[in-house]
Structure formats: structure tokens, C-alpha cells
Amino acid sequence: MNAQANLIALGTIARREVMRILRIWSQTLLPPAITMTLYFIIFGSLIGSRIGEMAPGISYIEYIAPGLIMMAVIQNAYGNITSSFFGAKFQRFIEEMLVSPMPSWTILAGYVTGAVLRGFMVGVIVLLISLFFTKIHLYHPLVTLSTFLLAAVIFALLGFVNSIYARKFDDIAIIPTFVLTPLTYLGGVFYNVAQLPSPWKEISHLNPILYMVNTFRYGLLGVSDIDLTWAYVVMLAFVVVLAAYCLSLLHRGVGLRT
Amino acid sequence: MSNTLSPVPALQVADLRKTYATGVEALKGISLTVQAGDFYALLGPNGAGKSTLIGIISSLVNPSEGDVRVFGHSVRTERGLAMQQIGLVPQEINFNLFETPLDICVNQAGFYGIERKTALVRAEKYLKELALWDKAHAVTRTLSGGMKRRLMIARAMMNEPKLLILDEPTAGVDIEIRRSMWKFIEGINAAGTTVILTTHYLEEAEQLCRNITIIDHGRVIENTSMKNLLSKLDVETFVFDLAHPIDGLPTVDEVKLTRIDSHTIEAEMSRAHDLNSVFAALSAHSITVNSMRNKANRLEELFVRLVEGRMSDNGNTNKEAA
Numbered sequence: 000m001n002a003q004a005n006l007i008a009l010g011t012i013a014r015r016e017v018m019r020i021l022r023i024w025s026q027t028l029l030p031p032a033i034t035m036t037l038y039f040i041i042f043g044s045l046i047g048s049r050i051g052e053m054a055p056g057i058s059y060i061e062y063i064a065p066g067l068i069m070m071a072v073i074q075n076a077y078g079n080i081t082s083s084f085f086g087a088k089f090q091r092f093i094e095e096m097l098v099s100p101m102p103s104w105t106i107l108a109g110y111v112t113g114a115v116l117r118g119f120m121v122g123v124i125v126l127l128i129s130l131f132f133t134k135i136h137l138y139h140p141l142v143t144l145s146t147f148l149l150a151a152v153i154f155a156l157l158g159f160v161n162s163i164y165a166r167k168f169d170d171i172a173i174i175p176t177f178v179l180t181p182l183t184y185l186g187g188v189f190y191n192v193a194q195l196p197s198p199w200k201e202i203s204h205l206n207p208i209l210y211m212v213n214t215f216r217y218g219l220l221g222v223s224d225i226d227l228t229w230a231y232v233v234m235l236a237f238v239v240v241l242a243a244y245c246l247s248l249l250h251r252g253v254g255l256r257t
Numbered sequence: 000m001s002n003t004l005s006p007v008p009a010l011q012v013a014d015l016r017k018t019y020a021t022g023v024e025a026l027k028g029i030s031l032t033v034q035a036g037d038f039y040a041l042l043g044p045n046g047a048g049k050s051t052l053i054g055i056i057s058s059l060v061n062p063s064e065g066d067v068r069v070f071g072h073s074v075r076t077e078r079g080l081a082m083q084q085i086g087l088v089p090q091e092i093n094f095n096l097f098e099t100p101l102d103i104c105v106n107q108a109g110f111y112g113i114e115r116k117t118a119l120v121r122a123e124k125y126l127k128e129l130a131l132w133d134k135a136h137a138v139t140r141t142l143s144g145g146m147k148r149r150l151m152i153a154r155a156m157m158n159e160p161k162l163l164i165l166d167e168p169t170a171g172v173d174i175e176i177r178r179s180m181w182k183f184i185e186g187i188n189a190a191g192t193t194v195i196l197t198t199h200y201l202e203e204a205e206q207l208c209r210n211i212t213i214i215d216h217g218r219v220i221e222n223t224s225m226k227n228l229l230s231k232l233d234v235e236t237f238v239f240d241l242a243h244p245i246d247g248l249p250t251v252d253e254v255k256l257t258r259i260d261s262h263t264i265e266a267e268m269s270r271a272h273d274l275n276s277v278f279a280a281l282s283a284h285s286i287t288v289n290s291m292r293n294k295a296n297r298l299e300e301l302f303v304r305l306v307e308g309r310m311s312d313n314g315n316t317n318k319e320a321a
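Which chain is which? The protein sequence lines are A and B, in order.
Per numbering that gives the first Met the number 0, numbering through the first sequence is continuous, rising by one, with the last residue being 257.
Per numbering that gives the first Met the number 0, numbering through the second sequence is continuous, rising by one, with the last residue being 321.
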């Protein structure tokens with residue numbers, strides 16, 4: 000397939016993903032809106048008002064807003080690809096793509112694009128909700144956008160690996176419940192990791208979500224608990240390694256071709 | 000669309016072997032060639048290896064050894080070019096049951112890099128030809144079994160393949176719809192597309208296909224033209240429906256008469272033998288024949304003999320293939 004044909008194929012997968020997201024909006028877009036509203040009410044307004052400032056001029060609700068947006072992006076990028084790709088595998092309509100001349104990278108890029116778009120939709124919804132509770136400054140738009148993209152891509156790729164190996168629906172529920180949620184809560188969404196005692200402070204730096212949350216927070220508020228350059232290095236390394244691994248799995252047909 | 004004069008075979012399968020991780024040896028060195036423009040039957044009992052073979056041709060299954068070439072392109076080394084030539088109608092329903100037929104067809108074209116504008120025109124054409132246009136915007140899970148089967152054919156046609164592979168396309172479909180599907184597929188073949196058909200309705204294969212391969216236990220046991228194969232059948236069985244009940248049977252030289260029930264008898268005889276002696280014997284015993292028919296589909300009879308012959312040769316010990 001030439002470049003134009005590949006682009007059409009990639010666009011077809013992305014379009015199909017968006018149609019799926021919109022078709023089942025009550026499962027894809029509504030739940031994060033409700034959950035995040037509750038977070039803002041409980042942690043932001045009710046508890047946050049008693050905590051005080053997290054940094055000079057930055058209230059607790061302002062401090063957690065970027066983390067909550069990033070949390071929604073991460074969970075939805077991951078969830079989109081696992082439910083969609085595993086669903087296609089389970090119902091066997093993944094074969095529509097496997098028998099086509101599409102190269103592996105187009106399939107991967109199509110699904111990752113779909114996941115990033117859902118992350119973007121949910122991110123915008125949560126951002127709009129946050130505006131009801133606090134003010135958001137766009138301190139550094141490029142950092143905000145690049146962090147959103149890198150985080151969404153990383154978790155889309157992780158979701159892809161999960162759905163490749165999954166054999167039943169339980170297998171795609173285990174990682175979000177037992178790995179993703181704990182890492183998100185421990186990734187500095189609700190607190191400053193610098194305040195943690197040793198060794199928890201050092202252990203927290205092994206959590207990739209910490210880098211995403213803090214870089215995103217820097218993009219919106221101009222404050223970060225970690226070094227920005229190091230955060231980009233970590234995120235880019237994850238993207239490269241995971242993309243290479245996903246392509247290798249697709250190329251070998253792991254979980255797809257017998 | 001393909002051209003029937005193409006010097007390159009539509010399909011070349013060379014010493015293809017497949018052993019699954021479970022240890023099941025599904026294909027044990029299959030070789031066959033399908034010429035461009037042919038209407039080709041691929042038959043075999045359940046577990047013979049047909050689906051594995053089709054899986055390898057369509058790149059859904061990785062071969063253990065050997066190669067497949069589609070219009071000269073190796074599935075192993077030129078997968079993209081090989082797949083560009085193929086349209087696959089699988090045995091199991093494998094589309095998204097929450098999408099519409101129109102979306103399914105247009106998306107399929109998109110996976111082949113076909114522009115949406117062209118895809119919409121083709122989708123309308125094939126959905127109309129397969130009498131599905133009025134369901135173009137219906138959710139596919141609401142379609143009947145026959146409609147779902149036809150949708151898979153329409154979807155396989157979206158890239159206008161040079162080689163169309165149909166894996167039991169008419170399974171569970173009523174005779175009226177089956178005949179309309181045959182007509183459509185015959186038209187596609189007449190327009191130049193090479194067709195490979197697997198079916199359990201042997202009457203279907205006999206009527207439609209010009210060449211045939213029968214595989215069993217992962218090996219080719221017959222590979223010839225339909226005409227040649229049918230000419231091997233030297234025995235025919237006729238069924239006589241009788242006007243009155245009978246108790247005994249007359250004896251006729253070189254004819255095996257069997258009483259099925261009080262009103263039905265069967266006569267098995269060489270194809271060279273005439274029926275006059277049978278009628279004469281029946282008349283002599285005051286047996287009146289109301290009607291007569293050929294008992295079985297000829298290909299079915301041959302198929303059973305070939306496969307049964309192999310089963311007794313092998314002692315039926317091979318594992319069932321996936």
C-alpha cells in the first residue's frame with residue numbers, strides 16, 4: 000500500500016473509533032464527567048478548602064485540577080483501546096483488518112489515534128467541569144498539549160499490549176483495577192511527592208504517571224514537583240519502547256494469528 | 000477484476016505444512032494450483048484442514064513450512080500485495096454486530112486504501128446486487144442469518160478482488176437465498192474473478208465448480224477436474240416409489256435391489272446397465288412404479304467413498320485439526 004492508501008486506512012480506523020465513542024457516549028464520555036465532578040466537589044471544594052495553598056497563590060483545588068484531567072485522559076485512552084481492540088478480537092471482526100493489505104503500523108496508529116481522541120474528548124469535558132470549580136490558567140500551551148499527547152499515546156500503547164494478550168474480558172479489567180488506578184492515585188494527583196518521607200519519595204519517582212501529572216500541571220499552573228527535561232525523557236522513552244514492542248507483537252501475530 | 004487469460008496462476012500452494020502449538024498437524028504438505036478465472040472447489044470432511052489452508056492463504060494463520068503465492072505474490076514475503084488480490088468470506092460471522100451494513104462495507108474498503116467516495120459507490124452496488132440495500136442503515140445484529148451471509152459477500156467484494164475465497168458461504172441459508180447467492184457468485188466468476196469455494200453442500204460444488212481438490216487429514220486425496228472426478232463414479236442408485244405395498248423383492252442380474260419400506264425400493268447398478276431389466280422384473284412381480292429418482296448427488300457419493308476409503312486406510316487415528 001502506498002502512503003495515500005495507508006493514510007486512508009488509518010483514517011478509517013480512527014473514524015470508526017470516533018463513531019464508536021460517540022455511539023456509546025453514555026459509557027465513554029458520561030462516566031468520567033460524573034466521576035470527576037464528584038472529585039472536584041469532595042476533594043476540591045469540601046476537603047480542599049481546609050487544606051490551604053499547595054504553592055504560593057495556588058489553592059488545593061487548582062493544584063489537583065491538572066492531575067484529575069490527566070487521570071481522566073490516562074484512564075480513557077487506556078480503556079478505549081482495550082475495550083475496542085479486545086472487542087474486535089473477541090467478536091473476530093479484527094480479521095477484517097488482518098486480511099487486508101494494511102501494514103501493522105497502520106493498525107496500531109489507527110487504534111492509538113482513536114484512544115488519543117477519546118482522551119482528548121474526555122480531557123476537554125473534565126477541563127470544562129473544572130472551570131465551574133476553579134480558574135485554570137494556560138501557563139504553557141505547548142507543554143500542556145505535548146504532555147497530553149505523550150501520556151495518551153503511552154497509555155494507549157499499554158492498553159494495546161493488554162488487549163493483545165487478553166483472552167477474556169476479565170484480562171482487560173485486571174490491569175486498570177490493580178495497576179492503573181493505584182499508580183494514578185500514587186502519581187501525585189492529590190499531593191506533592193516532595194512531602195513524602197524516604198523511601199516513598201524515591202519509590203514514587205519510579206511511577207511514570209508522576210512525570211505526566213507534574214508536566215501537565217506545569218503546563219497549566221507553572222509549578223511542578225519534578226524536573227521537566229527528565230519527565231520528557233521518561234515519557235519519550237516509554238513511547239519508543241512501547242511502540243516497538245506493539246509492532247513486534249503485531250508483526251508476529253501474537254494473540255491474533257495462530 | 001481479473002483477466003482469465005492471465006498466465007500467472009491465481010493461487011499456488013507449495014508443500015504447505017501447519018503444526019499448531021497444541022501439536023495438531025493440520026496440514027501435512029499440501030500443494031495445489033488454481034488457475035486464474037477458475038471456479039474451484041476445496042472439499043473435505045470436518046477437521047480435514049480446509050479452514051487452516053484458507054487461514055494461511057488469507058494470512059490469518061502462520062504456516063509452519065511451505066509458501067502460498069497469490070497471483071505470483073508470496074503471502075510470506077509480499078503479504079500486502081498478496082492480500083490486495085484477495086476477498087475472503089469466512090465461515091463464521093465476523094463483523095461488528097453494532098455497525099450497519101453500509102459502514103461495514105465502506106470501512107472494509109478503507110482498510111484497502113480505497114477512498115470513501117469510491118467506497119460508497121461500491122457499497123451501494125454490492126448491497127443492491129445482494130438485495131441488502133434496504134437494510135444498509137440497519138444495525139447488523141438485527142439481520143437474518145441469510146442477510147448476514149450476504150453481507151459478508153458484499154464486504155469481500157469491496158476491494159473488487161481477483162481471487163474470492165468463500166468458506167461455506169451458504170451454510171444455514173435457505174434454498175431460495177442459496178440459489179440467489181450462487182447466481183451472484185457465478186456472475187462474479189463470469190466477469191473474471193477466480194473463485195475458491197468450500198462447502199458441505201456437494202450439490203453446490205458439483206453445479207458451480209470446474210476443478211476440485213479434496214483434502215483429508217491435512218493431505219490432498221484428489222485434485223482433478225469436476226468432469227474427471229464424476230466420470231470415476233461407475234455405480235448409480237435409483238429410488239422407486241411404489242403404488243402398492245410390497246413384501247418381497249424380485250431378483251435382477253447385476254442389480255442390487257433393497258427394500259427401504261413397504262412403498263420404496265432402491266436399485267444399485269453399474270452406470271452401463273440399462274433400467275429395462277429392472278422394470279421388466281418389477282412388472283413380472285406386479286409391482287407398479289409411481290415415480291423414480293436418482294438417489295444421491297453424484298459428487299456426494301464419490302466424496303464419501305474417497306474419504307471413507309482413506310479413513311479405513313488410516314485406521315482413523317489422526318487428530319482432528321482446528
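Hints are computed from structural coordinates only; laboratory data are not their basis.
Fair warning: this is a prediction, and the values are worked out from it, not measured in the lab.
Where is the CB? At the ideal position from N, CA and C, for every residue including glycine.
A portion of the hints provided could be inaccurate.
[To be verified] Not everything, but these chain A residues come out facing chain B in the computed CB check (under 8 Å): (1) Phe89; (2) Arg91; (3) Met96; (4) Pro175; (5) Thr176.
Taking the closest Cβ pair, is Met96 (chain A) under 8 Å from chain B? Check passed: Cβ of Met96 (chain A) comes within 6 Å of chain B, closer than 8 Å.
Report holds or violated for the interface hint on Thr176 (chain A), using the least CB-CB distance to chain B and a cut-off of 8 Å. violated, 25 Å
For the hint on Arg91 (chain A), just tell me whether its beta-carbon gets within less than 8 Å of chain B. This hint holds: Arg91 (chain A) lies near chain B, its Cβ roughly 4 Å from the closest one there, short of 8 Å.
For the restraint on Pro175 (chain A), tell me whether the closest CB of chain B is nearer than 8 Å. violated, 22 Å
Using Cβ atoms only, decide whether Phe89 (chain A) comes closer than 8 Å to chain B, and label the hint accordingly. Where the cut-off is 8 Å and the nearest Cβ of chain B is about 11 Å from Phe89 (chain A), the hint is violated.
The structure fails to meet hints 1, 4 and 5 from the earlier list, while all remaining hints are met.
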